[in-house]
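> Sequence:
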Amino acid sequence: MLVSNALIGLREGLEAALVVVILVAFLVKTDRRWALRWVWAGVGVAVALSVGLGAVLTYGTRQLSFGTQELVGGSASIIAVAFVTGMVFWMRSASRTISGELKGKLDKAIDVGPWAVALVGFLGVGREGLETAIFFYATAQAAGTGTVQPLIGWVVGLGAAIALGVAIYQGAVRINLAQFFRYTGVLLVFVAGGILAYGIHDLQEAAFLPGLHALAFDVSSTVDPGSWYATLLKGIFNFTPATTVLQAIAWVAYVGIVLTLFLRPQRPPRPQPARAAEPSAAQAA
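Counting in this note's numbering, the sequence shown runs from 22 upward without gaps.
In case anyone wonders, no lab produced these hints; they're calculated from the structure. For every residue, glycine included, the Cβ atom is placed at its ideal position computed from N, Cα and C. Not one of these hints is a red herring.
Per label pair, the in silico range of CB-to-CB distance:
1) 122 to 184: 22 to 28 Å
2) 73 to 242: 43 to 49 Å
3) 132 to 86: 49 to 55 Å
4) 270 to 46: 44 to 50 Å
5) 133 to 281: 40 to 46 Å
6) 241 to 278: 24 to 30 Å
7) 118 to 273: 30 to 36 Å
For lysine to aspartate or glutamate, the following DMTMM-like pairs were computed, each having C-alpha atoms within a straight-line distance of at most 25 Å:
8) 124 to 52
9) 255 to 226
10) 50 to 128
11) 50 to 122
Sequences and hints are given; from them, build the entire structure.
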């Protein structure tokens, strides 16, 4: 869980950090420093709401019955997979244009007023924060109680993302964002496939989905669950030695379809055909 959580934390954190870096750099370069406090206010509210949601999901469900906990955990895992899938595709297409779009929105918000500036900062970071809260809950459920590995992984990933954001703002680091999001996107597809399989298992244990005892394979006698490689496979890909048929089908279908679509070359935008010149008055005559 440590590696996969650090990867997701780095990816989510870097997206949010890039949003803040772009907004702050734009305000500083255009000599509008007065608006910085409103951007930071929006960012602060977004972070607070995200932490609050993560706490409610993690600690607020402990008093529920086992079946309800599994239902909530499985549902959160499915939602997390939907978020991570949308995230990898959105960043694949938006990594080259995100700077211009954010600057345009902030420029318009400045004309409206301080609250509009704060709203741009809130929305820019809030989406990543809410996704992070749901991811954290889903991965913490998958790791089980009594372990702090998910928390450590998130702290490491988010800390690295903040450090990269500061370095990028200061000009110390330049990275190819398109390549970065492409490579991490491939890894996240496999991570999301594991979260999906675990979520389905939770829903099966909650009796929401059938097939809990229909196993596709059981290699528990070969793969020791307590071994280092079993721990590594579970931590990165949520692999379990005993996998149900429904889990296996969902994992293969998800990874096969999503990875194929993600790696498919992007089509360049089609050039707009030149409009035929309208006839002049003399020609019309």
